[in-house]
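Undergrad: First to last, the protein sequences are chains A and B.
Each residue of the first sequence is one higher than the one before, starting from 1 at the first, in our numbering.
Each residue of the second sequence is one higher than the one before, starting from 1 at the first, in our numbering.
Hints are supplied without guarantee of correctness; some may be wrong.
Below, simulated BS3-like cross-link-like pairs (lysine-lysine); rule was C-alpha separation at most 30 Å, straight line [as the list claims (entries may be wrong)]:
hint : chain 1 : residue 1 : chain 2 : residue 2
1    : A       : Lys19     : B       : Lys72
2    : A       : Lys19     : B       : Lys77
3    : A       : Lys89     : B       : Lys51
4    : A       : Lys89     : B       : Lys77
5    : A       : Lys95     : B       : Lys65
6    : A       : Lys19     : B       : Lys51
Hints listed in this document are in silico derivations from the structure and should not be mistaken for laboratory results.
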Amino acid sequence: MTNPLNPETPDGELVRLAKAGELDAFEALTSRYEQRVFGLAMRMLRQEQDAEDVTQQTFLSVLENLEGFRGEANFSTWVLRIASHAALKIIRKRKGLNTVSLEEATEPSDDLNSIPHPEFIADWRQSPEHLVERNEVRRLLDDALTRLDEKHRLVFLLRDVEGLSIQETAAALELSEGNVKVRLLRARLQLREDLTRVLGDPARQLVRSHHHHE
Amino acid sequence: MKCEELLAMLNEYVDGTVDPAVCVEFEKHMAGCNPCQVVVDNIRQTITLYKDGQPYAMPIQFREKMHDTLRKKWKEKFPGSENAL
Ligand SMILES: [Zn+2]
């Protein structure tokens with residue numbers, strides 16, 4: 001008999017085995033996604049204890065709700081969705097709020113007409129390949145993320161770091177695809193602005209010739 | 001295409017999901033507008049930097065503790081399961 005618990009075993013098969021009571025299958029699923037959940041939580045919360053809490057809560061919740069998981073989404077999307085809610089809950093608690101709703105009404109700032117214009121435009125002094133190797137760059141990246149509103153931060157992390165599609169991100173956060181797109185654009189533009197102010201070459205700063213937006 | 005219109009299509013362009021006809025317009029604009037070209041480059045570099053950034057490693061002691069907790073919960077949920085290690 002071949003061991004079904006190898007790295008190539010699809011998530012769906014492990015889910016089926018776990019639902020049937022196979023602890024090994026559940027542990028294999030946990031091992032497969034725990035690093036991603038922890039990384040997402042660290043980038044959302046920047047606090048190891050909180051990130052650990054989110055990670056443990058996420059997999060306890062997976063255990064509790066596994067029967068209810070019908071596979072209408074990818075297992076990975078489902079796990080990241082649970083983790084996202086857990087991370088937001090901590091952020092709201094820090095702010096003294098009790099609501100965890102992600103489905104809240106679209107804010108006035110979330111439409112395409114109010115997308116901020118790029119201000120500091122300059123080529124970077126170094127390529128991303130060189131930058132990722134520098135230790136202070138992680139700090140810079142995390143600081144820029146922290147300055148994003150958490151709703152924009154989460155969309156950026158799920159889409160651009162975790163690699164979910166627009167559709168999957170929308171499903172994970174219970175948002176419309178249009179809303180995800182606008183939030184993603186805001187996040188990308190704001191991060192670009194922040195990073196370029198530090199990484200851009202001031203000697204090569206460009207000024208728009210028709211810089212007359214109000 | 002104006003700079004504002006380009007900005008509104010930025011996601012689709014960077015993600016390669018833009019309509020081919022629009023893509024031609026987009027690139028025509030960038031060829032004549034250096035600031036927009038640089039913004040697009042910056043956005044691509046920003047995404048790459050986050051995607052390829054150093055991951056956070058989960059502490060090993062925490063991992064062990066969490067797996068213990070999960071195993072305990074599992075046994076409460078499936079009391080009969082003999083394959084529980
Ligand atoms: Zn332009």
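Undergrad: To test your reading of the hints: which numbers does this structure violate?
TA: 6
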